[in-house]
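*Asks:* Sequence:
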Amino acid sequence: MPQLASNFIVIDAKQAATEIPVTPNIYEELDANFEQFKGCILVSEYTFSSDWPSWEMHPHGDETLYLISGEASLLLYADGEERQIELNTPGSFVIIPKGAWHTAFVKTSCRILFITPGEGTINAVDPRPHQTLGV
Numbered sequence: 005m006p007q008l009a010s011n012f013i014v015i016d017a018k019q020a021a022t023e024i025p026v027t028p029n030i031y032e033e034l035d036a037n038f039e040q041f042k043g044c045i046l047v048s049e050y051t052f053s054s055d056w057p058s059w060e061m062h063p064h065g066d067e068t069l070y071l072i073s074g075e076a077s078l079l080l081y082a083d084g085e086e087r088q089i090e091l092n093t094p095g096s097f098v099i100i101p102k103g104a105w106h107t108a109f110v111k112t113s114c115r116i117l118f119i120t121p122g123e124g125t126i127n128a129v130d131p132r133p134h135q136t137l138g139v
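Residues in the sequence shown are numbered consecutively from 5, following my numbering.
These are calculated hints, taken from the structure and not from any lab test.
Below are the DSS-like pairs computed for lysine-lysine, each with C-alpha atoms no more than 25 Å apart in a straight line:
| hint | residue 1 | residue 2 |
| --- | --- | --- |
| 1 | LYS18 | LYS42 |
| 2 | LYS102 | LYS18 |
| 3 | LYS42 | LYS102 |
Since the structure is predicted, the reported quantities are computational estimates derived from the model, not experimental observations.
Generate the whole structure from the sequences, applying the supplied hints.
*Replies:* What follows is the structure, encoded as structure tokens:
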């Protein structure tokens, strides 16, 4: 039986689900094979033992994160304001609003399920003009 850690699921604009093996170039392959991911949703799972190295933002829809295990602190930045959300109970989830920059600080090694509107995703080192929250 496949597992999300090694096989992601793409739900395309017609709501058809396709299993995609995870490779080192998975995101480039998704853009190439799914028309720049227009109208698609990615269902994936990641394990983190350290803080995310960058921030990301999804301009075409809300992203849902579901905590499977461990603990993380999410930092969201939108409209010039920061908000911190604790994911510290397995089974809890957070909805990241469309257009909100976000990153995570790992408290204990964690596994997170992602439901991501991938079209146009942007990554940055830090989109904030200055840091105001210390996590």
